Amino acid sequence: MIKVQEQDFDVGAELAALTRGRTDVGAVASFIGLVRDVAGPGALSAMTLEHYPGMTERQLAQLEAQALDRWPLDRVLIIHRFGRLQPGQQIVLCAATSAHREAAFEACAFLMDWLKTKAPFWKLEEVGDEAHWVAARQDDEDAAARWQTDRSETRENES
Amino acid sequence: MIKVQEQDFDVGAELAALTRGRTDVGAVASFIGLVRDVAGPGALSAMTLEHYPGMTERQLAQLEAQALDRWPLDRVLIIHRFGRLQPGQQIVLCAATSAHREAAFEACAFLMDWLKTKAPFWKLEEVGDEAHWVAARQDDEDAAARWQTDRSETRENES
Amino acid sequence: MKLLYFSWIRDRIGMGEETVQPPDDVATVGQLVAWLARQSGGHAEAFADPAIVCCAVNQEFAKMEEAVGANDEVAFFPPVTGG
Amino acid sequence: MKLLYFSWIRDRIGMGEETVQPPDDVATVGQLVAWLARQSGGHAEAFADPAIVCCAVNQEFAKMEEAVGANDEVAFFPPVTGG
Numbered sequence: 001m002i003k004v005q006e007q008d009f010d011v012g013a014e015l016a017a018l019t020r021g022r023t024d025v026g027a028v029a030s031f032i033g034l035v036r037d038v039a040g041p042g043a044l045s046a047m048t049l050e051h052y053p054g055m056t057e058r059q060l061a062q063l064e065a066q067a068l069d070r071w072p073l074d075r076v077l078i079i080h081r082f083g084r085l086q087p088g089q090q091i092v093l094c095a096a097t098s099a100h101r102e103a104a105f106e107a108c109a110f111l112m113d114w115l116k117t118k119a120p121f122w123k124l125e126e127v128g129d130e131a132h133w134v135a136a137r138q139d140d141e142d143a144a145a146r147w148q149t150d151r152s153e154t155r156e157n158e159s
Numbered sequence: 001m002i003k004v005q006e007q008d009f010d011v012g013a014e015l016a017a018l019t020r021g022r023t024d025v026g027a028v029a030s031f032i033g034l035v036r037d038v039a040g041p042g043a044l045s046a047m048t049l050e051h052y053p054g055m056t057e058r059q060l061a062q063l064e065a066q067a068l069d070r071w072p073l074d075r076v077l078i079i080h081r082f083g084r085l086q087p088g089q090q091i092v093l094c095a096a097t098s099a100h101r102e103a104a105f106e107a108c109a110f111l112m113d114w115l116k117t118k119a120p121f122w123k124l125e126e127v128g129d130e131a132h133w134v135a136a137r138q139d140d141e142d143a144a145a146r147w148q149t150d151r152s153e154t155r156e157n158e159s
Numbered sequence: 001m002k003l004l005y006f007s008w009i010r011d012r013i014g015m016g017e018e019t020v021q022p023p024d025d026v027a028t029v030g031q032l033v034a035w036l037a038r039q040s041g042g043h044a045e046a047f048a049d050p051a052i053v054c055c056a057v058n059q060e061f062a063k064m065e066e067a068v069g070a071n072d073e074v075a076f077f078p079p080v081t082g083g
Numbered sequence: 001m002k003l004l005y006f007s008w009i010r011d012r013i014g015m016g017e018e019t020v021q022p023p024d025d026v027a028t029v030g031q032l033v034a035w036l037a038r039q040s041g042g043h044a045e046a047f048a049d050p051a052i053v054c055c056a057v058n059q060e061f062a063k064m065e066e067a068v069g070a071n072d073e074v075a076f077f078p079p080v081t082g083g
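Residue numbers (the numbering used here), protein chains in the order written: chain A, 1 to 159; chain B, 1 to 159; chain C, 1 to 83; chain D, 1 to 83.
Hints were generated in silico from the structure; no laboratory data involved.
Each hint should be verified, as a subset may be incorrect.
Claimed, not checked - Result set (PhoX-like, lysine-lysine): computed pairs, CA atoms no more than 20 angstroms apart in a straight line:
#1 C:Lys63 with C:Lys2
#2 A:Lys118 with C:Lys63
#3 D:Lys63 with D:Lys2
#4 B:Lys118 with D:Lys63
#5 B:Lys118 with B:Lys3
#6 A:Lys118 with A:Lys3
None of these values were measured; they are calculated from a predicted model.
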């Protein structure tokens, strides 16, 4: 399930919904990303997440489909917020459920690595009177590259 | 933080407490383990988790210390239940928080692998009129072995 | 052709969206970038280093060789920073 | 010496806890296992295959060579299945 939204999300409710009434799902791996005051305590006043409406949902749905295709998962959840957020607030929730923990953990790490490099979001940080766009990180590219397979290569090159 | 308890836990509240008031923690990786009806839908009536009070807390505290020592984490949470549980109920919650996602993910997977092989719990499954003890799995041993280092070897051999 | 700009690409061009009619010899993303760079000082600044500009055609990532046509939605943006 | 038994080890022995006074030549976990296996039919059944029995001395995992003494808390159990 994919949700791209401005409002906050309830982690407990979202994760519980993934396995409600189920007795065949043993593992729920999840990740919460928070706005981090990288400039030091009190330095970052806000971070605004801009995104590309339409393409975001499309990329996230493809990401969900790839994870479900690649691991023996029951469900995938990606919630990504946009808009102006304060330090400490929630940005993203990824989760993967499975019978076994290995698939859930791997899929969840995969979702985050790909979100960092494939989801059309951009971050504007406000530090004091200055606002600057956060640059993409090479180590995020490297992290995403470890999931590359022939199939995902092909998919990436599709028009 | 370590909690060994019979009662259920509130995932949302537990995870939120790890980062409340903090603006320097960007990543919360977590894992929830649920009772799985391995014998097929409706076959497993209950699972009873027995443990070794005292040793459990001791092993879990060592596990937390090892994770904090090995990765640049902010906090570690391990909640493990004991007693009689129904299929679909929560058994365990592990979480690790960090500035960055890689450390949080790795530490969380490490916690689960070690819980499977080092935490003194035993599972009695009730299927129909039969009750049987769940055997330890070799693949859990293999999963834990990947975290072995000279240091953890040494620690394992301590009296 | 509908164009969308995001992040500092939009800031430099001074608008988030425009509709253009490039000449017929603009058939690929790379040719469109070269043509756009000549349309204004802001465009020139935004596309000064095409190597750091990403493109999506109809909401899918596209390389510089990719074909573009009059009915496409083409977006330009810096490398993404989601998650 | 205080002994604790868990899971099917306890089921076979028929109790979860006992206090024993093994002879002086029982100085290691392995020697204790061999001595316990002679104490009753249940003990014999529980320790029939020492290779699948785990031990903790004073709440830390212990190997068969590990020393045990009168003041130790010694636990026997099958391989753990936490998580």
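Check the structure against each numbered hint from earlier and tell me which ones fail, lowest number first.
none
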